[in-house]
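Line by line, the protein sequences are chains A and B.
If you use the UniProt record's numbering, the first sequence closes out at 362, no skipped numbers anywhere.
If you use the UniProt record's numbering, the second sequence closes out at 362, no skipped numbers anywhere.
One or more hints might be untrue.
The list treats identical chains as one, so a pair stands whether inside a single copy or across any two.
In silico EDC-like pairs for lysine to aspartate or glutamate, Cα to Cα no more than 20 angstroms straight-line [stated by the list, open to error]: (1) LYS267 / GLU242; (2) LYS114 / GLU160; (3) LYS114 / GLU205; (4) LYS114 / ASP302; (5) LYS114 / ASP78; (6) LYS267 / GLU245; (7) LYS267 / ASP353; (8) LYS114 / ASP148; (9) LYS114 / GLU63; (10) LYS114 / ASP136; (11) LYS267 / ASP225; (12) LYS114 / ASP150; (13) LYS114 / GLU227; (14) LYS114 / GLU317; (15) LYS267 / ASP74; (16) LYS267 / GLU238; (17) LYS114 / GLU176; (18) LYS267 / GLU227.
For the record, the hints were derived by calculation from the structure and aren't laboratory data.
Protein chains: 2
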Amino acid sequence: MNELESRVRGTVHILGAGLLGASVGLGLRERGVDVTLEDLSPTAVALAADYGAGRIRDAADPEPTVVVVATPPDVVADAVERALTEFPGAVVTDVASVKLAPYLELLRRGVSLKNYVGSHPMAGRERGGAIMARADLFTARPWVICRDRDTPAEALALVEAIALDLGGVLTEMTPEEHDRSVGLVSHLPQVVSSLLAARLVPATEQAIGLAGAGLRDTTRIASSDPELWVQILGANREPVIELLEAFAGDVTSFTQALRDTDAPGAKRRVADLLAAGNRGVGRIPGKHGSSERFITITVLIDDTPGELGRLLTELGELGINMEDLRLEHSPGAQIGFAEIAVVPEAAERAVADLAERGWRTL
Amino acid sequence: MNELESRVRGTVHILGAGLLGASVGLGLRERGVDVTLEDLSPTAVALAADYGAGRIRDAADPEPTVVVVATPPDVVADAVERALTEFPGAVVTDVASVKLAPYLELLRRGVSLKNYVGSHPMAGRERGGAIMARADLFTARPWVICRDRDTPAEALALVEAIALDLGGVLTEMTPEEHDRSVGLVSHLPQVVSSLLAARLVPATEQAIGLAGAGLRDTTRIASSDPELWVQILGANREPVIELLEAFAGDVTSFTQALRDTDAPGAKRRVADLLAAGNRGVGRIPGKHGSSERFITITVLIDDTPGELGRLLTELGELGINMEDLRLEHSPGAQIGFAEIAVVPEAAERAVADLAERGWRTL
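Could you put the whole structure together from the sequences, leaning on the hints where they help?
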């Protein structure tokens with residue numbers, strides 16, 4: 001019996017056999033934990049079981065020690081309540097991307113929450129369903145555990161052990177903090193990106209033909225699933241509305257400053273608003289947000305299989321660790337660009353060495 | 001004498017020895033064209049000349065046959081007027097990122113424009129200056145040539161020949177069409193990204209810690225130079241203000257739909273607005289905008305030099321042409337993700353072959 005098995009000491013039951021539920025199941029099964037599955041869709045649960053995410057729960061199964069609710073956001077409160085009622089001895093958690101609304105709904109219904117700990121692994125894929133599930137979906141991703149003064153310590157420890165064992169990077173927050181945080185770093189950018197992309201619908205072909213990396217980056221997440229986002233945004237309505245109102249105010253203030261640019265100090269005001277954007281993006285952790293700390297080398301590559309691999313192998317041979325990499329390909333061109341971010345100390349030598357090996361850099 | 005030399009039949013004079021001016025100079029010099037340089041800054045022009053972008057113009061030089069104005073946006077009209085007056089036999093073009101305001105200013109001043117053709121190569125780098133200049137900066141990038149009924153055919157042909165020879169992909173537009181187009185595909189995304197990033201300035205560390213690829217993508221261009229953008233946005237004020245007002249209206253409509261989500265049909269309205277974003281992003285040409293046509297395979301890679309190169313080399317060996325590639329690295333994790341977009345037909349085999357070679361895919 002390994003550490004997780006000995007902590008769980010029984011069965012983990014998963015309600016909802018979609019991408020997240022099946023991935024939790026696969027991960028726990030890999031670690032030797034007994035997992036049962038349940039889903040409103042017999043097809044979905046059978047598929048997840050076939051995938052090895054657990055076995056379909058039947059009446060003969062004993063009460064689970066842990067229940068993971070992985071249903072769509074709009075039925076999380078119902079599913080948590082049912083799990084707490086049906087399995088009074090089990091610790092119940094959920095993985096929904098909004099945390100306050102289901103929590104308040106459970107309080108409103110008078111459900112005892114001594115066995116409940118909400119959580120949210122910041123993992124997902126563009127396409128859902130058990131067929132996309134992976135045991136390592138949560139590896140190195142933030143996993144929020146919701147706690148406040150009333151959160152039962154033992155239940156908290158058990159849910160955190162599972163999140164850690166599945167590879168998540170734990171962060172503890174209250175449901176309010178969580179929802180405000182994901183509102184800012186996930187829900188607001190989603191809406192802004194979608195609305196920006198929607199402006200392209202009536203645009204001329206000529207205008208769209210001038211699109212560059214900036215437009216592609218800012219609108220990439222606009223390809224997300226509308227049905228899922230209606231649920232997420234609806235469940236986190238208040239923080240998102242507050243953020244959208246503030247953002248609309250920012251757009252209006254900026255527009256006003258731009259309208260006044262001939263007035264004294266107005267150019268300064270526009271520059272200050274843009275400079276605040278510099279500071280904001282500088283706060284984002286991780287490789288992508290750190291453009292100020294790295295030098296970008298742009299290498300021209302032929303659009304043929306293996307060219308990029310050859311380039312990156314040679315960078316590896318030179319002992320250079322790329323901090324970031326982006327590909328760009330212009331429509332109608334038989335040439336692409338690989339933008340490689342490296343630490344400043346490595347840039348000069350990298351450019352020289354690449355040139356020596358025949359690569360064209362910009 | 002090659003084709004471009006025989007077309008130019010003389011000297012190209014470049015006003016403004018920054019990134020674009022010096023890059024034009026380097027490109028023309030590479031093609032054997034005689035280039036002279038001029039800049040208000042003696043240091044800048046000397047540096048560009050040292051770089052091989054041309055020689056510093058002096059009084060003994062004959063009148064150029066072409067003048068390329070590559071000054072900052074706010075002095076383009078002055079520089080074009082001066083060039084047309086000083087060199088009445090030369091064709092004058094400019095490379096500014098806004099086209100209508102300088103054109104109208106020249107008309108207002110009564111300057112004869114029979115020798116003027118405005119242009120805009122859609123190329124640039126995060127850092128400016130001659131030191132960043134490259135002869136192939138324009139390779140495979142859109143290059144807008146402004147024309148209307150009055151544009152002189154001979155001057156147009158000469159400017160287009162230069163743009164083509166420097167590697168640009170030509171697009172003809174009126175100044176109005178150009179400014180509206182770049183307003184939509186470049187200036188609006190810049191402002192939106194900056195304002196979104198500025199919202200992160202007062203955020204908690206905890207919230208920022210939950211940032212994912214979506215936030216990084218949408219705010220990447222918020223690291224652009226505020227001083228340059230004040231000039232660009234100021235020069236294209238009217239289209240940008242119109243776009244920002246429409247966008248603020250979109251944000252407000254969306255907020256209202258979200259506020260009403262319990263009303264009949266309101267969820268549908270939110271979903272429709274998000275679906276319009278799907279359609280908009282689907283219109284963007286090039287590899288990045290085409291997420292619907294490709295399958296994304298996520299491969300886990302150790303954060304050590306050469307690992308990514310090894311992966312891509314092996315993909316090359318398998319004969320797979322990546323349509324897109326993105327790297328992601330979570331803070332605090334010793335593991336990264338490479339997201340590879342491939343055509344659907346190639347996806348299944350790629351995943352199987354990668355697994356066989358020991359790669360973990362999500």
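Each hint tested on the structure:
Proximity of LYS267 to GLU242 under the C-alpha cut-off of 20 angstroms is restricted to the inter-copy arrangement: shortest distance 18 angstroms between copies versus 28 angstroms within a copy. Taking the shortest Cα distances, LYS114 and GLU160 sit within 20 angstroms of each other inside one copy (16 angstroms), while across copies they are farther apart (74 angstroms). For the identical chains of this complex, LYS114 and GLU205 are neighbours neither inside a copy (58 angstroms) nor across copies (29 angstroms), given an alpha-carbon limit of 20 angstroms. For a Cα distance limit of 20 angstroms, the shortest separation of LYS114 from ASP302 qualifies neither inside one copy, at 61 angstroms, nor across copies, at 40 angstroms.
For a Cα distance limit of 20 angstroms, the shortest separation of LYS114 from ASP78 inside one copy, 17 angstroms, qualifies, whereas the shortest one across copies, 74 angstroms, does not. Taking the shortest alpha-carbon separations for LYS267 and GLU245, only the inter-copy value of 19 angstroms comes in at or below 20 angstroms, while the best intra-copy value is 25 angstroms. For the identical chains of this complex, LYS267 and ASP353 are neighbours neither inside a copy (43 angstroms) nor across copies (56 angstroms), given an alpha-carbon limit of 20 angstroms. Proximity of LYS114 to ASP148 under the C-alpha cut-off of 20 angstroms is restricted to the intra-copy arrangement: shortest distance 12 angstroms within a copy versus 74 angstroms between copies.
For the homomeric pair LYS114 and GLU63, the shortest alpha-carbon distance inside one copy (17 angstroms) is at most 20 angstroms, but the shortest distance between copies (87 angstroms) is not. For a Cα distance limit of 20 angstroms, the shortest separation of LYS114 from ASP136 qualifies neither inside one copy, at 30 angstroms, nor across copies, at 66 angstroms. With identical chains, the CA atoms of LYS267 and ASP225 are at most 20 angstroms apart between copies only, with a shortest distance of 14 angstroms across copies and 39 angstroms within one. Taking the shortest alpha-carbon separations for LYS114 and ASP150, only the intra-copy value of 8 angstroms comes in at or below 20 angstroms, while the best inter-copy value is 79 angstroms.
Taking CA atoms no more than 20 angstroms apart as the test, LYS114 paired with GLU227 passes in neither setting, with 33 angstroms inside one copy and 56 angstroms between copies. When the C-alpha separation of LYS114 and GLU317 is checked against a cutoff of 20 angstroms, the pair qualifies neither within a copy, at 56 angstroms, nor between copies, at 56 angstroms. In this assembly of identical chains, LYS267 and ASP74 lie within 20 angstroms of each other by CA distance solely across copies; the values are 13 angstroms between and 47 angstroms within a copy. In this assembly of identical chains, LYS267 and GLU238 lie within 20 angstroms of each other by CA distance solely across copies; the values are 15 angstroms between and 34 angstroms within a copy.
For a Cα distance limit of 20 angstroms, the shortest separation of LYS114 from GLU176 inside one copy, 19 angstroms, qualifies, whereas the shortest one across copies, 65 angstroms, does not. Taking the closest pair of Cα atoms, LYS267 and GLU227 come within 20 angstroms of each other only across two copies (9 angstroms); inside a single copy the shortest separation is 42 angstroms, beyond that limit.
Of the numbered hints stated above, those contradicted by the structure are hints 3, 4, 7, 10, 13 and 14, listed in ascending order.
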